[in-house]
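Asker: This is what each chain is made of:
Number of protein chains: 2
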Amino acid sequence: MFKHGDPADDPKWGPPFLLYLGSAADDLAIKTARGLAYWRPEWCIGQYRNPDCRITLGLPDMKPAQAKAAGAETMVIGTANAGGVMGREIVADIITALDCRLNVIAGLHHKLRENADIVAAAKRNGRALFDAREWTRKIPVGTGRKRAGRRLLTVGTDCSVGKMYTTLALERSMRKRGLKADFRATGQTGIFIAGGGIPVDAVIADFISGAVELISPAREDGGWDLIEGQGSLFHPSYAGVSLGLLHGAQADALVLCHELTRQHMRGLPHYPLPDLTRCLEANLAAARLTNPDVKAVGVALNTSKVSEQEARTACREIGQRLGLPCEDPVTMGVESIVDNLLLCCGN
Amino acid sequence: MFKHGDPADDPKWGPPFLLYLGSAADDLAIKTARGLAYWRPEWCIGQYRNPDCRITLGLPDMKPAQAKAAGAETMVIGTANAGGVMGREIVADIITALDCRLNVIAGLHHKLRENADIVAAAKRNGRALFDAREWTRKIPVGTGRKRAGRRLLTVGTDCSVGKMYTTLALERSMRKRGLKADFRATGQTGIFIAGGGIPVDAVIADFISGAVELISPAREDGGWDLIEGQGSLFHPSYAGVSLGLLHGAQADALVLCHELTRQHMRGLPHYPLPDLTRCLEANLAAARLTNPDVKAVGVALNTSKVSEQEARTACREIGQRLGLPCEDPVTMGVESIVDNLLLCCGN
Numbered sequence: 001m002f003k004h005g006d007p008a009d010d011p012k013w014g015p016p017f018l019l020y021l022g023s024a025a026d027d028l029a030i031k032t033a034r035g036l037a038y039w040r041p042e043w044c045i046g047q048y049r050n051p052d053c054r055i056t057l058g059l060p061d062m063k064p065a066q067a068k069a070a071g072a073e074t075m076v077i078g079t080a081n082a083g084g085v086m087g088r089e090i091v092a093d094i095i096t097a098l099d100c101r102l103n104v105i106a107g108l109h110h111k112l113r114e115n116a117d118i119v120a121a122a123k124r125n126g127r128a129l130f131d132a133r134e135w136t137r138k139i140p141v142g143t144g145r146k147r148a149g150r151r152l153l154t155v156g157t158d159c160s161v162g163k164m165y166t167t168l169a170l171e172r173s174m175r176k177r178g179l180k181a182d183f184r185a186t187g188q189t190g191i192f193i194a195g196g197g198i199p200v201d202a203v204i205a206d207f208i209s210g211a212v213e214l215i216s217p218a219r220e221d222g223g224w225d226l227i228e229g230q231g232s233l234f235h236p237s238y239a240g241v242s243l244g245l246l247h248g249a250q251a252d253a254l255v256l257c258h259e260l261t262r263q264h265m266r267g268l269p270h271y272p273l274p275d276l277t278r279c280l281e282a283n284l285a286a287a288r289l290t291n292p293d294v295k296a297v298g299v300a301l302n303t304s305k306v307s308e309q310e311a312r313t314a315c316r317e318i319g320q321r322l323g324l325p326c327e328d329p330v331t332m333g334v335e336s337i338v339d340n341l342l343l344c345c346g347n
Numbered sequence: 001m002f003k004h005g006d007p008a009d010d011p012k013w014g015p016p017f018l019l020y021l022g023s024a025a026d027d028l029a030i031k032t033a034r035g036l037a038y039w040r041p042e043w044c045i046g047q048y049r050n051p052d053c054r055i056t057l058g059l060p061d062m063k064p065a066q067a068k069a070a071g072a073e074t075m076v077i078g079t080a081n082a083g084g085v086m087g088r089e090i091v092a093d094i095i096t097a098l099d100c101r102l103n104v105i106a107g108l109h110h111k112l113r114e115n116a117d118i119v120a121a122a123k124r125n126g127r128a129l130f131d132a133r134e135w136t137r138k139i140p141v142g143t144g145r146k147r148a149g150r151r152l153l154t155v156g157t158d159c160s161v162g163k164m165y166t167t168l169a170l171e172r173s174m175r176k177r178g179l180k181a182d183f184r185a186t187g188q189t190g191i192f193i194a195g196g197g198i199p200v201d202a203v204i205a206d207f208i209s210g211a212v213e214l215i216s217p218a219r220e221d222g223g224w225d226l227i228e229g230q231g232s233l234f235h236p237s238y239a240g241v242s243l244g245l246l247h248g249a250q251a252d253a254l255v256l257c258h259e260l261t262r263q264h265m266r267g268l269p270h271y272p273l274p275d276l277t278r279c280l281e282a283n284l285a286a287a288r289l290t291n292p293d294v295k296a297v298g299v300a301l302n303t304s305k306v307s308e309q310e311a312r313t314a315c316r317e318i319g320q321r322l323g324l325p326c327e328d329p330v331t332m333g334v335e336s337i338v339d340n341l342l343l344c345c346g347n
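Residue numbers (the working numbering), protein chains in the order written: chain D, 1 to 347; chain R, 1 to 347.
Calculated directly from the structure, the hints in this document are not laboratory data. This structure is a prediction, so every number in the text was calculated from the model and none was measured. Among these hints, one or two may not hold up.
Rough simulated footprint, nothing fancy, chain D against chain R, three-plus residues with beta-carbon under 8 angstroms [what the hints assert, rightly or not]:
| # | stretch |
| --- | --- |
| 1 | 29-41 |
| 2 | 48-56 |
| 3 | 140-148 |
| 4 | 228-240 |
Glycine residues also receive a C-beta, built at the ideal position from the N, C-alpha and C atoms.
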């Protein structure tokens, strides 16, 4: 089941995982670890926190040696010091883990492989290092050529509105129904969860759509590829990535993701969120270039910041306005979206 | 006037140039050299051809030693062996040039700096090597924040329809009128011509719009930045690059570029060209995200494959249909487009 980016990669990393929280100060800093613990609890046997860390995933606290004794294979670094740099403390903790014969995988801007001490420790212990935000292997240019199989892509009004959670919720629901469906990861947390994928925002610009074609190749088994979206066509920093995703996916179905209380585009107070209808139309128009039959099948609403009552009202209102099922994947599930997907695109 | 990507780069490359044609077999293979010879004839003192080369730029034939004696500073590699690889012959020619104390700059997929023999020859002669298709320096993420100055961006129905020629023709015309106008390069040939710029299709996907913000920063002198476009929103391989360019440019004015006889998207026989009106509308809609006041000011038609009569008819017909001045920048100039730019956006 664990398919890494390149079969030549040796040694391999894989679960069971020890999740490194370090000295993380808030929930945002442990986003990656939390995603893994939520979606793959069976793989996560412990958390490794420094004494000053005040947050928890509710997992048993373990140091690398204990985790190894308990069966852990890989330590996951999902957090960073302020500014994404790798401080002395985190480097020391990584080397300790390697010396306990754990692999180490990270989604940091600062790369494990760029630290000579870490590389040396991995080598002397025969352990794997993996930087999920890095992609140096060759990707072919996208062709736009029609390929077999069915694909769904999550798109968003903004970054960080719940595209990965939505895609994974769809996978879980479809598999429960006995359908073949596979999450295709395009970001660091998703890559840890899937055990493979390509960080599309980290590839060379000319190869964005080619990367998406590569992770969701032709399939003949009647199953679905569920592709994790990134960014937003309406985010002035990252829209190129989102457009390449739309073109590479050749999506049959789009699910629009939105965070209900978001006031402005992430990181850009001077940019308002796009209107939902306009956002969906723009995504459909762009997607039609490589799949003229693309359909919108649902709206996934992140309602984590409002009451249950407000959430239900918002889903009803938005669902009616867009003529699509609208749910919060985390608190309500995605059954009505999957129902509509099967209705629109067959099963 | 020569501003390189990074002031820390040392040693520097610059004109006068010896243009390396090697064993190039057709005009396409010397596209970069031809662009330099056409736009900067005063910088090009000779061409270096192997005995089997049957094409010419009409420049004096010179070997590196002769060129150096005649004042050349830098040899430009604008061609590649089949498949973009660097064969033994071209490597030997590059080393000869370095040993004659010429700098060497290239726009090949295969990088000069990845060949140990070339790197060693550059080092022992204290010469510069420059790979125009490579970008390893840090680029900030795009902000979309409004900046001072006026910018024009060329957009296209497809790749390789004349965006660079059009942008340079606009620069020439505006400068002749006494206006401040600067070509901003985003591709290899443009970078050689401008002496600087960023190859936007070679940057990491997350930084496309940031790269464009970097090459066309705020300016307060009342002048124009004329930004070389890349790709097309309608090319399924490269559209992400084009969208990042639109957002990063915050363009006040767009010029649509089109090749009259192009039958399908470059390299993709299964994709027809987009309708001109639809293409322009899509570009304007995308550009409005970062500059709601963007205007289309003209159409640049590459008519190189039809008669003069057909070219004039096509320009008239397309100009009327789109309600914009339409000219072939190479055979007719761009005066009516510049007139309209000044009318629409002030001067």
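Asker: It remains to establish, for every hint, whether it holds in the given structure.
Answerer: For each hint, the structure was consulted:
1. Proximity of the stretch 29-41 of chain R to chain D, defined as three or more residues with a beta carbon under 8 angstroms from a beta carbon of that chain, is not established by the 0 residues found.
2. For the stretch 48-56 of chain R, the stated coverage by chain D is violated: 0 residues have a C-beta nearer than 8 angstroms to a C-beta of that chain, whereas at least 3 were required.
3. With 6 residues bearing a CB less than 8 angstroms from a CB of chain D, the stretch 140-148 of chain R meets the requirement of three and the coverage assertion stands.
4. With 7 residues bearing a CB less than 8 angstroms from a CB of chain D, the stretch 228-240 of chain R meets the requirement of three and the coverage assertion stands.
Consistency note: the structure conflicts with the earlier hints numbered 1, 2.
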